[in-house]
Amino acid sequence: MNTSTPRVMICDLKTMAGQTVQLRGWLHGKRSSGKVCFLVMRDGTGICQCIVEAAMADAFAGALALTHESSFEVTGTVRLDERSPGGAEVAVSGLRCFQVADEFPITRKAHGIDFLMNNRHLWLRSNRPTAILRVRHTVIKAIRDFFDGQGFTLVDMPILVPGAGEDRQSLFPVEYFDEKVFLTQTGQLYLEGACMALGKVYCFGPTFRAEKSKTRRHLTEFWMVEPEVAFAELEDVMALAEDMICAVAGAVVSANRAELEFLGRDVEALGKIAKPFHRLTYSEAVERLRGEPIRRALEEELERDTVRLQGLVAELEACEQSLAGAKKGWQQDKIDARIRELRENVQDLEQDIRARPEHIRLAQSFTWGKDLGGSDETILSRQFDRPVFVTEYPRDAKAFYMKVSPRDPRVVRNFDLLAPEGYGEIIGGSQREENIGTIGESMRAKGLDPEDYPWYLDLRRYGSVPHGGFGLGVERTVAWLCGLKHVRETIAFPRTMGRVYP
RNA sequence: UCCGGCGUAGCUCAAUGGUAGAGCGUCUGGCUGUUAACCAGAAUGUUACAGGUUCGAGCCCUGUCGCCGGAGCCA
27 MNTSTPRVMI
37 CDLKTMAGQT
47 VQLRGWLHGK
57 RSSGKVCFLV
67 MRDGTGICQC
77 IVEAAMADAF
87 AGALALTHES
97 SFEVTGTVRL
107 DERSPGGAEV
117 AVSGLRCFQV
127 ADEFPITRKA
137 HGIDFLMNNR
147 HLWLRSNRPT
157 AILRVRHTVI
167 KAIRDFFDGQ
177 GFTLVDMPIL
187 VPGAGEDRQS
197 LFPVEYFDEK
207 VFLTQTGQLY
217 LEGACMALGK
227 VYCFGPTFRA
237 EKSKTRRHLT
247 EFWMVEPEVA
257 FAELEDVMAL
267 AEDMICAVAG
277 AVVSANRAEL
287 EFLGRDVEAL
297 GKIAKPFHRL
307 TYSEAVERLR
317 GEPIRRALEE
327 ELERDTVRLQ
337 GLVAELEACE
347 QSLAGAKKGW
357 QQDKIDARIR
367 ELRENVQDLE
377 QDIRARPEHI
387 RLAQSFTWGK
397 DLGGSDETIL
407 SRQFDRPVFV
417 TEYPRDAKAF
427 YMKVSPRDPR
437 VVRNFDLLAP
447 EGYGEIIGGS
457 QREENIGTIG
467 ESMRAKGLDP
477 EDYPWYLDLR
487 RYGSVPHGGF
497 GLGVERTVAW
507 LCGLKHVRET
517 IAFPRTMGRV
527 YP
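The first sequence begins at 27 in this note's numbering and counts up by one.
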């Protein structure tokens, strides 16, 4: 190791013109001619073109031997050059290879999702996954900064929980010595205990759902942040959620503009995320869904989408024709990738358009008392350009711990927060029922035995107070902020119904 | 669990029931600054699996497996 040469990161190179530095990373790309070789290095902070001239015989031979994703170190002089991809490049005087990589499966061409997911451990090195993971990091940091700054205490909740759970079908069983226990679905019930000790608390951890859902919004293992506040009512909890979402969206827009732009996200749309969010009650939402204006809006949307579909089909045909005329191989490949993208979009849109009349019918015939379906949420959230709260759902459709409304015993003091642009529910929260008699009734009404939750009822027995909280799904939030189609890209190693590898 | 779609070279895709192909990647050679470099050449297949129909099956039929998407449920 050359101790006299400072080892630096690529993101810092622009301020180091003229200096001799050392970089370590992986080979992202290589181009060579007889007398000069260009190595594009990736080190996790950026990419840098390294120039190796044939005059440096050892380094040149070493450079030619490097394969895609080989790990290596270069020593050289930094110079600013507009011809270089990152603006700064390194003229190499010394090169050391750590390992020459085997043939790397992921190439510059478009791959199918199955292949990419089977190679997720290698796919992570690509631009798109790293951009998304950086946004995810910002989201998590912003959430923690937000709560820490408001006097909350982070308290970790158990992951293994005893059998007497809520909905057994959606829990993963685990062998626990001679007992059967489950992976947690939420930290909330326990968190209420911590809340009565510390006042304002939150937990942040993985959570598990064995739901047999194969959709773009579902993972079997995902991360959730759950705050819980003592002496708080529904409105206080909603204000907290509103402030938190604004803080998170703001943090991402300021810290990750480059990543968002790379992902093709409409950053201006995120700039509109500001207080106050729209608020409507479940009953108002039902009225809206059944109303004439929404039917007209949906039909107009359907017409617009039909026109959009025609446009896509036309572009697809044009692409297919130009494919034959493309001279170079990679141009063909590029058109090919575009064709695949268009086909996918056309398929999605066709499916969407086909389902639309049914969605309109469902919305128009929606009867008070049901939980909102996915299509209803989508319809509602598309009406607004910022998140929307829907409050006070029917008691029968919601969990036992939600506080029954004093104004209307048919509904509970809860809320869902729907992300705009059709992303749907990212938060579910409520004021909790603090009356021991009422919560016992609610449990029995849901077929649960209060005897199974003695410790939970104790919280209503020793200084019960109005309190509440919510749960935010990290992956859905990241998918919304990044403008992704599927939550599986927002976590390094997603767990879905059909996949636990790698 | 139900409904729909897909499965051909390492990858992405072609191939009227009639000799399995292209591009990318890989390898070899050439080239003094490339920007998915370029030019020339080479290797690469149990058409997911098991049956069936047929003179003949990648293509048609039946079953199995795998993956993708949607519904219900949910963050």
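Hints in this document: simulated from the structure, not taken from any laboratory.
Errors might be hidden in some of the hints.
In silico EDC-like cross-links for lysine to aspartate or glutamate, where the CA-CA straight-line distance does not exceed 16 Å [as the list claims (entries may be wrong)]:
id, residue 1, residue 2
1, 301, 259
2, 511, 378
3, 56, 79
4, 61, 95
5, 301, 422
6, 226, 201
7, 301, 262
8, 240, 376
9, 226, 174
10, 360, 341
11, 238, 174
12, 511, 367
13, 396, 378
14, 511, 341
15, 56, 99
16, 511, 374
17, 511, 451
Now for the hints, and whether the structure bears them out:
A threshold of 16 Å between alpha carbons decides the hint, and for residue 301 with residue 259 the separation of about 19 Å lies outside it, so the pair is violated. With a C-alpha separation of about 14 Å, the suggested pairing of residue 511 with residue 378 holds against the 16 Å cut-off. Distance hint between residue 56 and residue 79 is fulfilled; the C-alpha atoms sit about 13 Å from each other, no more than 16 Å. Between residue 61 and residue 95 the alpha-carbon distance is near 23 Å, which puts this suggested pair outside the 16 Å criterion.
Distance check on the hinted pair: residue 301 and residue 422 sit about 31 Å apart at the alpha-carbon level, beyond 16 Å; violated. With a CA separation close to 34 Å, the supplied pair residue 226 and residue 201 exceeds the 16 Å bound. Restraint check for residue 301 and residue 262: satisfied, since their Cα atoms lie roughly 14 Å apart, inside the 16 Å limit. About 20 Å separates the Cα atoms of residue 240 and residue 376, which puts this hinted pair outside 16 Å; it is violated.
Between the alpha carbons of residue 226 and residue 174 the distance comes to roughly 10 Å, so the proposed pair stays at or under 16 Å and holds. Taken as a hint, the residue 360 and residue 341 pair is honoured in the structure, with Cα atoms around 14 Å apart against an allowance of 16 Å. Note on residue 238 and residue 174: the hinted pairing is violated, with a Cα-Cα distance of about 36 Å set against a maximum of 16 Å. Our distance criterion of 16 Å between C-alpha atoms is met by residue 511 and residue 367, whose separation comes to about 13 Å.
With a CA separation close to 23 Å, the supplied pair residue 396 and residue 378 exceeds the 16 Å bound. Taking the CA atoms of residue 511 and residue 341, the gap is about 21 Å. The hint is violated against a cut of 16 Å. Restraint check for residue 56 and residue 99: the C-alpha separation of about 15 Å stays at or below 16 Å, so the hint holds. Under the criterion of a C-alpha separation no larger than 16 Å, the hint pairing residue 511 with residue 374 is consistent with the structure, at around 11 Å.
In summary, the hint linking residue 511 to residue 451 is supported, as the alpha carbons are separated by about 15 Å, within the 16 Å threshold.
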